[in-house]
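Start from chain L and add chain V according to the hints.
There are 2 protein chains.
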Amino acid sequence: MEGTVPELTHRAVRDAALLRPAAGARQLGGGAAADDWSVYQYRIREFLSAWLPPKTEAPYELHSAIRYAALGKGKHLRPLLCYAAGEVLEIDPRFLDAMAGAVELIHAFSLVHDDLPAMDDDELRRGRPTVHVVYGEPLAILAGDALQIAAFQLLASDRQLSRTPQVQSLAIGILAAAAGSRGMTGGQALDIAAEGHQPTIVELEDLYFRKTGQLIRASIGMACTWREQADPFATEQLNGFASRIGLAFQIRDDLLEYISTKATTGKSTHSDRDNHKATYPGLVGVGRARHRAQELYDEAMSLLDFLGHAALPLRRLANFIVRRKE
Amino acid sequence: MEGTVPELTHRAVRDAALLRPAAGARQLGGGAAADDWSVYQYRIREFLSAWLPPKTEAPYELHSAIRYAALGKGKHLRPLLCYAAGEVLEIDPRFLDAMAGAVELIHAFSLVHDDLPAMDDDELRRGRPTVHVVYGEPLAILAGDALQIAAFQLLASDRQLSRTPQVQSLAIGILAAAAGSRGMTGGQALDIAAEGHQPTIVELEDLYFRKTGQLIRASIGMACTWREQADPFATEQLNGFASRIGLAFQIRDDLLEYISTKATTGKSTHSDRDNHKATYPGLVGVGRARHRAQELYDEAMSLLDFLGHAALPLRRLANFIVRRKE
Chain L
0 MEGTVPELTH
10 RAVRDAALLR
20 PAAGARQLGG
30 GAAADDWSVY
40 QYRIREFLSA
50 WLPPKTEAPY
60 ELHSAIRYAA
70 LGKGKHLRPL
80 LCYAAGEVLE
90 IDPRFLDAMA
100 GAVELIHAFS
110 LVHDDLPAMD
120 DDELRRGRPT
130 VHVVYGEPLA
140 ILAGDALQIA
150 AFQLLASDRQ
160 LSRTPQVQSL
170 AIGILAAAAG
180 SRGMTGGQAL
190 DIAAEGHQPT
200 IVELEDLYFR
210 KTGQLIRASI
220 GMACTWREQA
230 DPFATEQLNG
240 FASRIGLAFQ
250 IRDDLLEYIS
260 TKATTGKSTH
270 SDRDNHKATY
280 PGLVGVGRAR
290 HRAQELYDEA
300 MSLLDFLGHA
310 ALPLRRLANF
320 IVRRKE
Chain V
0 MEGTVPELTH
10 RAVRDAALLR
20 PAAGARQLGG
30 GAAADDWSVY
40 QYRIREFLSA
50 WLPPKTEAPY
60 ELHSAIRYAA
70 LGKGKHLRPL
80 LCYAAGEVLE
90 IDPRFLDAMA
100 GAVELIHAFS
110 LVHDDLPAMD
120 DDELRRGRPT
130 VHVVYGEPLA
140 ILAGDALQIA
150 AFQLLASDRQ
160 LSRTPQVQSL
170 AIGILAAAAG
180 SRGMTGGQAL
190 DIAAEGHQPT
200 IVELEDLYFR
210 KTGQLIRASI
220 GMACTWREQA
230 DPFATEQLNG
240 FASRIGLAFQ
250 IRDDLLEYIS
260 TKATTGKSTH
270 SDRDNHKATY
280 PGLVGVGRAR
290 HRAQELYDEA
300 MSLLDFLGHA
310 ALPLRRLANF
320 IVRRKE
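Chains as they are written, first to last, in numbering that gives the first Met the number 0: chain L, 0 to 325; chain V, 0 to 325.
Same shape as in the complex, but just chain L (with noise of 0.2 angstroms):
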């Protein structure tokens, strides 16, 4: 796939876009201009170590659980793609904060709870034993539990966005719509629904934009609402953007999956078709699955061309997720 992506081009209007900061990029030493989103990635792990109780702090055990499983050394996509959204929008990172760290609390508790012995059994998660493993699974249950609740707290109690109640409620709002029934946790049921019996294509679809592609669009929505009543047509562009780049990154999840070893992605693989769920290359095969990810990702870009240079950071964290190795 790697060669079919569309390298970026201009590097020299690339560059100066970059280097206009964003409205917080100055305090995080202009790492926003870098390559990587290392930056991102250290500032929103150090917010949440910052933010969770401590191990030191009773139920120890408990506290243990939530900060192995929030703070391991994932990609952080989805508060990447808050701070990338909000770089675009020039929102002060200081703003994304809560949004980002909440995103990423739900993302982590649903990897806990999807990692159990009645769940997908998996003992391995990013190359560490998974938390059930580690602490047990009424602990894990638990953990996962206080990991989703952490989330509404983090981002009811958080003083920016207490300033401005407002986008404080629709944040909350759009989190917890992208990760109920009807998203997020709807999608593991769908899952669990269609073992043994072969989804259409369309019904695949579907419960990957509820499965993954809900919280992405989360990531990148609850930006948004700094904006939303200035700029209801940028929401309405990001938001396609970020339901077109979800999918084709649960696509191109179910390619690494299918295809990678055990060494390369730290995940006890082929898991998914041990357990004889669907995914996306069992489907259609290899070939039109790889098609499917490239054409999400194209409409994806043509959705922001309104947005002109402004777009790049988000183009370019469109294009490091999609570009993932196989």
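Rather than coming from a laboratory, the hints here were simulated on the basis of the structure. Possibly wrong hints are sitting among the right ones.
Because identical chains cannot be distinguished in the list, a pair is counted as satisfied if it fits within a single copy or across any two copies.
Derived EDC-like pairs (lysine to aspartate or glutamate); straight-line CA-CA distance at most 20 angstroms [stated by the list, open to error]:
| # | residue 1 | residue 2 |
| --- | --- | --- |
| 1 | K276 | E122 |
| 2 | K276 | E202 |
| 3 | K74 | E45 |
| 4 | K54 | D205 |
| 5 | K74 | E256 |
| 6 | K54 | E202 |
Below, chain V alone, put in the same frame as chain L:
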């Protein structure tokens, strides 16, 4: 215990107070004046039934499980406390529906996850098979997740609350804090940690306050957000009342569990003892446990004195809660 709980006196005074309708009591057909709480129990079930996604919406099994867990015939004590606080503070119950519904959803989620095989492994709840028995373990995990997310979505999307986003954010923060790792979920983790060793009474009360007391306090605390700025003293007193009633309630629950038979509670009894969990009567004996519940009840009541006759709905409810049959 029934004999030792002070009977409400001055029936004439009380009836007069109850005939003075709270702001929204008229729409309840004057039901708030009835001596039982069925009007509000009906109200909250109807409210949640209308708000939760129907069974006919995909994912069908998940939505069916959610409704099974949330709409069972419980006592709905937490919503009742919310509405009763509203009567005391003269808040229209329409302003409390989302809060009452949200705390009930959090309670329902906690029961679903508590009953899981990896947790208490209970097969019966309120006389019905538990969610995982009916829908399987994966769906039960997801239904619990969706229920807790729904609680926050309900608060964030409620039309009445959205007109006062400051109250909305406060309520969300109160509920999240009460449910999270420093509240209910943390209490459950302490419960697990306490298995196999004898906690002190101080430790057990701390555990109980987290596991049960915090959510009960939140039921009243959320209602208080409508009056918090106007009357911080009332909020403080009512929070103190709720904390004590919450602890008394849990000790009472222990006593019921300790003494009762399967037939009268509809739960598989003695499961706490079988699991070697510490209980209040197990630690100090039935007599001292009853005495402590009474002491907490008396303290709670005295905290309402400042309200005069207006406190009657909360007094009645506390009485109802603590006088549940052994």
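Do the hints match the structure? See the list:
1. K276 / E122: Cα proximity of K276 and E122: one copy only (18 angstroms, versus 29 angstroms across).
2. K276 / E202: within (13 angstroms within a copy, 46 angstroms between copies)
3. K74 / E45: within (14 angstroms within a copy, 44 angstroms between copies)
4. K54 / D205: between (39 angstroms within a copy, 18 angstroms between copies)
5. K74 / E256: within (17 angstroms within a copy, 47 angstroms between copies)
6. K54 / E202: Intra 42 angstroms, inter 19 angstroms, cutoff 20 angstroms: inter-copy only.
Of the numbered hints listed earlier, not one is contradicted by the structure.
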